[in-house]
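From first to last, the protein sequence lines are chains A and B. Residue numbering for the first sequence follows my numbering, starting at 1089 and increasing by one per position. Residue numbering for the second sequence follows my numbering, starting at 3 and increasing by one per position.
These are calculated hints, taken from the structure and not from any lab test. Virtual Cβ for every residue (Gly too), placed ideally from N, Cα, C. Each statement offered as a hint is correct.
Short, incomplete list of chain A residues facing chain B, as computed with Cβ under 7 Å:
#1 1151
#2 1336
#3 1337
#4 1339
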Amino acid sequence: MSAHRSLSWLFTLGLLATLPVAFAGGIRGTGDLGLVIERTTGSVRILETSGNRFLARVEGLGDLSHASVVYSRDQRYAYVFGRDGGLTRVDMLEARVDRRVVQAGNSIGGAISQDGSLVAVSNYEPGGVRVFDAATLEPVADLPATFGDGRRSKVVGLVDAPGNRFVFSLWEAGEIRVADLSDRANIVVTRYEGIGVNPYDALVTPDGRYYIAGLFGEPGLAVLDLWHPGEGVRRILSDYGPGDEPLPVYKMPHLEGWAVAGGRAFVPAVGAHELLVVDLESWDPVARIPLQGQPVFAIARPDGRHVWVNFALPDNDRVQVIDTESLAVVSELEPGPGVLHMEFEPRGEEVWLSVRDENRVLVYDTDSLAVLTELEAATPSGIFFTARAHRTGL
Amino acid sequence: MTRRIPYLLALAFSFAMAVPVAAALEPERERALGNLLVHDCGSCHGTRLRGGLGPPLTPDRMRHLPRDWIVDAILDGRRGTAMPPWRALLTPEDAAWLARSLQSGVVE
Chain A
1089 MSAHRSLSWL FTLGLLATLP VAFAGGIRGT GDLGLVIERT TGSVRILETS
1139 GNRFLARVEG LGDLSHASVV YSRDQRYAYV FGRDGGLTRV DMLEARVDRR
1189 VVQAGNSIGG AISQDGSLVA VSNYEPGGVR VFDAATLEPV ADLPATFGDG
1239 RRSKVVGLVD APGNRFVFSL WEAGEIRVAD LSDRANIVVT RYEGIGVNPY
1289 DALVTPDGRY YIAGLFGEPG LAVLDLWHPG EGVRRILSDY GPGDEPLPVY
1339 KMPHLEGWAV AGGRAFVPAV GAHELLVVDL ESWDPVARIP LQGQPVFAIA
1389 RPDGRHVWVN FALPDNDRVQ VIDTESLAVV SELEPGPGVL HMEFEPRGEE
1439 VWLSVRDENR VLVYDTDSLA VLTELEAATP SGIFFTARAH RTGL
Chain B
3 MTRRIPYLLA LAFSFAMAVP VAAALEPERE RALGNLLVHD CGSCHGTRLR
53 GGLGPPLTPD RMRHLPRDWI VDAILDGRRG TAMPPWRALL TPEDAAWLAR
103 SLQSGVVE
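Let the hints inform the model, and build the full structure from the sequences given.
Given below as structure tokens:
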């Protein structure tokens, strides 16, 4: 071997060491990548859905006890929102923290704007929304959730909407707010007061038209039509409470755009073992589907044929699958204790599932329901694929 | 048969002794409760118990509250808040162990 060739080998090895994901197997895309949150170690695993494997681990993301992720439109960067107010931009190809700011004391989630230029974070402490430049993480806007006599409310259910708008709800204040950032120099915030007691989370429909907030403090949902924001907020399913003896809610349900299938929304009931189904044209209730426990996530398979549901304690070891035509439970799985999250591959043939208390991530075939792959991860929670980059509200 | 009697007596006596000292939990139960504290209490109060939708449960705050008050809050919930009653899943002994752990700051 010539000296020249040895040098080029050393150079290649050096590249391999510094660019683990990007060039270990040559130039690659990012469309089949994703992240799994490791909640107690403040780390994430970069995963690849083509090979059903982990490619790398990235550490130093702070407190990820409640974490969520959005992606840049080129699917290269993940924005990870941590509990401790940390906003971390992770380079999916170089498998490293690209930038990180700690922008608040206590946060719950975030969103990326339609044009990809802004990232917004919803904060519990201090209550409000902060907006950052997506490329630099420099602050762009501070939108305190001040209400009443000047108190600040915790902010939940922050989503992006068409027109470079962010929509969010205020837990204590019972408000929905729409922030229009189409002109950074002239940000307009519209307030909708009295939308219901304690909105706990919200979703925007995949077309970006309807913002739907779930209520914890009273039955029903609050809906804002973003095509006609001047018409105000309407209340639906107000008769769909848990009854006279609501069950204890050990874990707040989550609402996400993927609860929508076939023109209907599948919404976890609060304090009842039920999934509520509502028609998005008429806003009439369609059904209440009895379940084995209190639902946390209801997530439609991308083709809309099935909705998968996981549960709060003491039923958090199982998953039920609902057929969206018959509105019946058609399958039941017991993946193990602490099923925290499910993420479908973009075309729906496989689903990834985190089993926190067994430190495992399972990949299921969504047709045969067979476990295809088992991966080890430290207390895995949320799973987020880069395909979210091109979906409104995710 | 007669040989069993002292054994049964001893067993009955040990139960009689065990009940008043009920605070001692099996190590396995303590592990399960520790996991519950971090992850399930943590889903509202933060896995580091520094707060979330629910208030922080850090020892500096918890030490100012009477232990019985904490036990009651765990077992019966807090009216007008999102804190649920845990009585269906936890015994008073479990709740007492959790209250002690919160006040002594066992978790972080």
